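Asker: For reference, the chains in residue letters:
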Amino acid sequence: MRDYLYTVMTILWKDVLLETRSKDIIVSVLVFALLVIVVFNFAITPTPQTVTLIAPGVLWIAFLFGGVLGLNRSFALEKDGGNIHGLMMAPVGRDVIFFGKMLGNFLFMMVVELLIFPVFAVMYNFSLLMPGLIPIAVLTTLAVATVGTVFSAMAVNTRSREVMLPVLFFPVVVPAIVAAVEASASVIQGDASFTRWLPFLVVFDAIFLVVSPVLFQFVIEE
Amino acid sequence: MKKNDAKGLAIEVKGLRKAYGRTQVLRGMDLEVPWGQVLTILGPNGSGKTTLIKTLATLIRPDEGSVWVAGTDVRKRGNRARGFIGLVTHDPLLYDELTGYENLKFYARMFRLDSVEQRIETVTARMGMTDRLHQRAGTLSHGMKKRFSIARALLHDPLVLIMDEPESGLDQDALGLLENVIRDKSDPYRTVLMTTHNLERGIALSDRMAIISRGVISYEGKADSALAGEIRQRYSDLAGLSAGDGS
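Chains A and B, in that order, give the protein sequences.
All the letters of the first sequence, read from the start, carry residue numbers 1 to 222 under the working numbering.
All the letters of the second sequence, read from the start, carry residue numbers 1 to 247 under the working numbering.
Next up, chain B with everything else stripped away, as it sits in the complex:
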């Protein structure tokens, strides 16, 4: 799917609310990400970052509010929206008993992709995993699995890449490859939303930064190293406020 299949903003969230039992995690969140931007979301543990990511990726149903990804309402047309999204989560989403190649082939089939062999070759080369392609996923280290996980997310060349702390478990070499993926401007419409706890990396890789606290976006601004001090100060203030708020 390409940009002409999609409309509006890359990501548009309005009044998003989600609770787990009595615990309100997202409390009327609003967020807009234009096409082609990289947005990094910071937030203390339990601030709602992962819940936001899962909602955008159609893995959980919001209680209230609207969520649009690539111009598609994820509540009404989840199937279509998922075709635009590449997701990297904390879990590698790989079957341990299958090889990296078999895992990627499985996901390629689930997305009904053509030129499967070529796509697998391309994404694994991009993540430096060509020589591990026929090794069982269960025998790979956490970092290697993470590389395959990123390769899996790129397999269908998604317009919107959503990544939850993608750098966790990666070595310096893999971090460089990840940065190349995030900064890749070969598709001017490729939009990235990622969460991280690493402020410096977030600023270096992003066009904009946002901070989630108490289930809403509490700060949003340009990712500029000159503003690092201000962002850090705000993050520290908000982290103090929202510790232990939600999931």
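Looking at chain A on its own, in the form it has when it is part of the complex:
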């Protein structure tokens, strides 16, 4: 188990090091998510009556669509130059590669969410102190990263990978996003009933954390 975690963390270390040099993923996702939030703010002109209905959807659309850009980039980096073969030559299971890549995607998306949320709170006039959003954000981002890692590995082998990833990925991850939007709306409205969505997100994550590594090995081997 210690060796397993060590190798997973080695892949994560490599991805973090690459990202600190190129900043490809965080910058592209951050800019895209910011644009979505700003454009929706101008397009909808939120009022106190409508904002609690609209804002959670805007927030998760920004994270999800931005996340797709990051997921695409994450595996393109491995595909270009055939680096994925270098990873695959290590004497470890394919699931180790999956968890290493998934943790990197999760971490980068969480960083973007941490940066985006204050902007979102200011633009839509919400309090920054909404601790209820933390478990929702963590569980939903985990869902997006888990499912997205498998599909980005799949899409990277196709000719139009930028188009293929959302086409494959969105239908699968939609239940988690719906739960995240509903739970976030409850938190924003100050309603404690958001907790009823958390078990759903936990089960969603648990299922895909088991299924995705298995699928992943078939996806990356030709």
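Treat each hint with caution, since some may be false.
[Claimed, not checked] Keeping only pairs whose Cα atoms sit at most 35 Å apart, straight-line, the calculated DSBU-like set for lysine-lysine is:
1) Lys76/B to Lys79/A
2) Lys23/A to Lys79/A
3) Lys79/A to Lys14/B
4) Lys14/B to Lys76/B
It is worth saying that the hints were derived from the structure and are not from the lab.
A quick note: this is a predicted structure, and the numbers were derived from the prediction, not measured.
Given the structure of chain A, go ahead and fit chain B onto it with the hints provided.
Answerer: Chain B only, in chain A's frame:
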């Protein structure tokens, strides 16, 4: 991992078949490479050399047949088999944003090696790359990347070295270093399987030569300069037969 961890032949392939869609690339290939030998595989473009290399290296799954590397079934125990294999491919398998040192350190960690600094120092010195160790891989020439790629493959001191056209992009100096790596007999069990289009170099470096054509081994024999004419003639005949057959 050392020889006492491994059993049988260094490489043993039986009835290997692989197709991409409807295109049959490997059509029931058989191949045996004893420990300590250098085998060079010749073959025209599309004859299945790279597919064979990728299958041996566990990068692709065969459709049929058995593949054993260092006495390990690569289909059932791929993790263990990969510990025995050092792979050099057409691609350098280096991250452009990382330095040569960081790339090698990453792969050393993936193999959970000890004495990492010493190993990196040894393999880079062997490939004449010590002074480029802290340069970003993206700024290196193709030949320099190839040198690092060979250094990466040697990092865990593999028993079986599998190289797909390793000489491509190398200058004369680096070719000499590559030849030293291939001819190195310090480990009598070190086995090398390489592909090339250079018949003379193949004969000079190898114990045996094989020619792949139409997805099977069509010729196999001792690598002897006296046989160069025969091998060349066979290669020419087979190359004519199999052009455009597969990947």
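Asker: Checked against the structure, which of the hints given earlier come out wrong?
Answerer: none
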